[in-house]
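Participant: Each chain, written out:
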Amino acid sequence: DAGVIQSPRHEVTEMGQEVTLRCKPISGHDYLFWYRQTMMRGLELLIYFNNNVPIDDSGMPEDRFSAKMPNASFSTLKIQPSEPRDSAVYFCASSLRTGAGELFFGEGSRLTVL
Amino acid sequence: GQNIDQPTEMTATEGAIVQINCTYQTSGFNGLFWYQQHAGEAPTFLSYNVLDGLEEKGRFSSFLSRSKGYSYLLLKELQMKDSASYLCASNRDDKIIFGKGTRLHILP
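One line per chain: the protein sequences are F and U, in this order.
For the first sequence, the residue numbers in my numbering are 1 to 114.
For the second sequence, the residue numbers in my numbering are 115 to 222.
If you are wondering where the hints come from, they were derived from the structure by calculation, not from laboratory data.
Just to be clear, a hint being listed does not mean it is correct.
[What the hints assert, rightly or not] Cross-link-like lysine-lysine pairs, in silico, BS3-like; alpha carbons within 25 Å at most:
no., chain 1, residue 1, chain 2, residue 2
1, U, 182, U, 209
2, U, 182, U, 171
3, F, 78, F, 24
4, U, 209, F, 78
5, U, 190, U, 209
6, F, 24, U, 209
7, F, 68, U, 209
8, U, 171, U, 190
9, F, 68, F, 78
[To be verified] Derived CB-CB ranges, DEER-like:
no., chain 1, residue 1, chain 2, residue 2, range
10, U, 193, F, 73, 23 to 29 Å
11, F, 78, U, 194, 39 to 45 Å
12, U, 181, F, 97, 24 to 30 Å
13, U, 165, F, 72, 30 to 36 Å
14, F, 72, U, 133, 39 to 45 Å
15, F, 5, U, 152, 15 to 21 Å
16, U, 135, F, 53, 35 to 41 Å
Cβ coordinates follow ideal geometry from the N, Cα and C atoms, glycine included.
With the rest of the complex left out, here is chain F (with noise of 0.2 Å):
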């Protein structure tokens, strides 16, 4: 059984470039998550999606990141435009349920903006 995918597993790009990160999480799980992980700031929640629908964007850092989610098989997370202070391993994970829910992740993507 397919786990969560994301793509691209490695991104490097300039400054001001647009960056797209897709996920498709597991079949029937109803939660859609992404996260952000660095070594200074730990792993941080940007936002999470049920259903399709965003419940919670207050992690989402500025107007410069957005998040969609399409169907039920697909989410994207843009940042536009880029800089290095977004050099991150971004994952997303899903989930059946929030809160007691256990949460799979997507082996991650890679972003170093140059």
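Go by the hints and put chain U onto chain F.
Facilitator: Below, chain U without anything else, positioned relative to chain F:
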């Protein structure tokens, strides 16, 4: 990470026991997760505690005290493969908030 505190690093010896502590903000609290993360990999689920007390799962046990806002992860019979980061995560108002993690080094 939003009032979740755990030690940054710990070191223990192969075969020994280690306890990793975590304190968290109690407002809106519903439960406490522990995740393991090996370097360069994604976090994987270890345990989830809702009620006070100790839950044992093989070599790993997790404890929760809701009134004290305190949890710990206990690892017994340490193996080299246990070298990893251990992330405490609080379910607060149905948002799962992670601490910065404790990097555990195992010495032979």
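Participant: Are the hints correct? Go through all of them and say.
Facilitator: Evaluation of the provided hints:
no.	hint	result
1	U/182 to U/209	holds, 20 Å
2	U/182 to U/171	holds, 23 Å
3	F/78 to F/24	holds, 15 Å
4	U/209 to F/78	holds, 22 Å
5	U/190 to U/209	violated, 30 Å
6	F/24 to U/209	holds, 20 Å
7	F/68 to U/209	holds, 18 Å
8	U/171 to U/190	holds, 11 Å
9	F/68 to F/78	holds, 9 Å
10	U/193 to F/73: 23 to 29 Å	violated, 38 Å
11	F/78 to U/194: 39 to 45 Å	holds, 41 Å
12	U/181 to F/97: 24 to 30 Å	holds, 26 Å
13	U/165 to F/72: 30 to 36 Å	holds, 33 Å
14	F/72 to U/133: 39 to 45 Å	holds, 41 Å
15	F/5 to U/152: 15 to 21 Å	holds, 20 Å
16	U/135 to F/53: 35 to 41 Å	holds, 37 Å
Consistency note: the structure conflicts with the earlier hints numbered 5 and 10.
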